Every structure is written in structure tokens, then in C-alpha cells.
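Q: Residue numbers (the working numbering), protein chains in the order written: chain Z, 222 to 326; chain E, 149 to 297.
Just so you know, these hints were derived from the structure itself, not from any lab.
Be careful, since some hints might not be right.
Pairs of lysine-lysine residues, derived as DSBU-like cross-links and limited to a Cα-Cα distance of at most 30 Å, are as follows [unchecked claim]:
hint	chain 1	residue 1	chain 2	residue 2
1	E	LYS270	Z	LYS257
2	Z	LYS307	E	LYS153
3	E	LYS205	Z	LYS288
4	E	LYS155	Z	LYS257
Note that the coordinates shown come from a computational prediction; the quantities given were computed from them, not determined experimentally.
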Amino acid sequence: MNDVDLVFKALADPVRRRLLDRLYQANGQTLGELCKGIDMARQSVTQHLELLEEANLISVEWQGREKLHYVNPVPLHDIYERWIRKYEQQRLSALYHFKTKLERK
Amino acid sequence: MTVNKEKFVYVTYIATTPADVWKALIQGDLTRQYWKHTNESDWKPGSKWKHVADDGKGTVRVVGSVLEVIPNKRLVLSWGDAADAEDVSRHSRVTIDIEPVGDMVRVTVAHEQLPAGSDMEKKIRNGWPRVLSSLKSFLETGRALDTWA
């Protein structure tokens, strides 16, 4: 599986998207902190975090024996460039041509 | 009064060499292509460095000190708004680690001690993901992202 597949797969789950949002709100949380408020076994949360880490959507740092999780939006930015901005540009340029055509009349 | 300090850790994997990442960080002719800024210093520990806009006017955006230099491996900088040049209590700290992983290079940017809610924090949240995406594109394809216009 290539990088982009891993990112889309990781994002295709509501729990994982929620974990990213929670890290966006408060970065650098431990597993214990992330488990609070998620009605799910600790082991399942760990598995979700592993998938996010594989997709490089979270980065981790060790602080003593505690693993801290940080949201890493860099792959999202790569996808934005590849899959969103490109299409936006076409739409914007279509609008621009539409406008200049109308104004010429 | 203590201000909450934020930390961010950004990671990208690039198909390149550590030496090329290093050059891209400190050589202005490369940096301006993907970052629209240059990083200027003699890159010796204790020296000053500055982050300068490639706007024809040489606007200084960020200033700080070079704290640690291991060529092709690690660069640690203090990082302050040009307006806070003298007030080091408002400076944050950036550690850039460059390490080979398989046939890729992992670039990790840890930015810490950022005052929560500050303008600099907002710029950093938006800034590093774009810079790292653009650096990856630049080193892998020769083309940077034109997200800076």
C-alpha cells in the first residue's frame, strides 16, 4: 500500500478522525488521556493510533515511559495539494473565463 | 503569570539524502524556491540566524540563535518574531532532525515553547505543514508547491 492509500484508509474511520480532532485541540496527549471520553477498550484505541501512526498522521515522542501523540497534518497537506487545490484551480479559472466572456458582451 | 506553551511535532518522509535536506534548509538559492524565504547565518553554535522573506526588500520575519548544529543530521534554533528580537522570553525553540529510514529520509520538526494563542502559534500551525509538503515536492520532483502566492 502506498502512502496516500494509508492516509485515506486511516481517515476512513470515525474514531480515528475523532482522535485527530482531539489531538488538534490538545496536542501531545498520552494513550490514557486519549482514552478518556472514548467508549472503547484501551487496546482498540491503541490499534487505531497505530494505524494513524503508520499513515504518518500522528507523530510520537517518548517522555520517559510515556508515549506522547501529536497530530501531523503534513500528509493531509500533500493530499490537499494533489486532490483538492488542483480541482479548485480549474473551477476558479472556469469562473474567470465565464466572467470575462459575460463582461465582453 | 505563566502562559501555556504549545508544542508541535511535524514529520515528513522524503525520497532523497540527508545532505540534500540539509542544503535545502540553509542554502538560500534552494530555500527560496520552496519556502519563498531564506535562512541566513554562518550556522555556528551561538551565532544569530534570521528568516528573510524573498520579497525583494529583505523583510526579516524570524530571528534567533543557532543552538546546535550537526550537519546533515540536526539543527536546533531559537525562533522569535522579528518584533520580539530582544525579548527572548517570547522565543520558541525548533529542533529539526534528519534521519535515513530505509531508502527515505525522515525529517522531523519539533517546535516547542510557543505561547498558546499567539500569532506565532497560528503561523506555525499553518506554516510547517506547507513548508514540509513543499520541501518534499521540491526534493522529489524538482518542483516546489506554489502555495505561497
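Q: Does each hint fit the structure? Answer for all of them.
A: Each hint, compared with the structure:
The hinted pair formed by E:LYS270 and Z:LYS257 meets the criterion: a straight-line CA distance of about 27 Å does not exceed 30 Å. For the hint linking Z:LYS307 to E:LYS153, the alpha-carbon distance of about 36 Å lies beyond 30 Å, and the restraint is violated. Between E:LYS205 and Z:LYS288 the CA atoms are separated by roughly 44 Å; this puts the pair beyond 30 Å, and the hint is violated. As the CA atoms of E:LYS155 and Z:LYS257 are separated by approximately 21 Å, the hinted pair is consistent with the 30 Å bound.
Comparing the model with each earlier hint shows violations of hints 2, 3; every other hint is respected.
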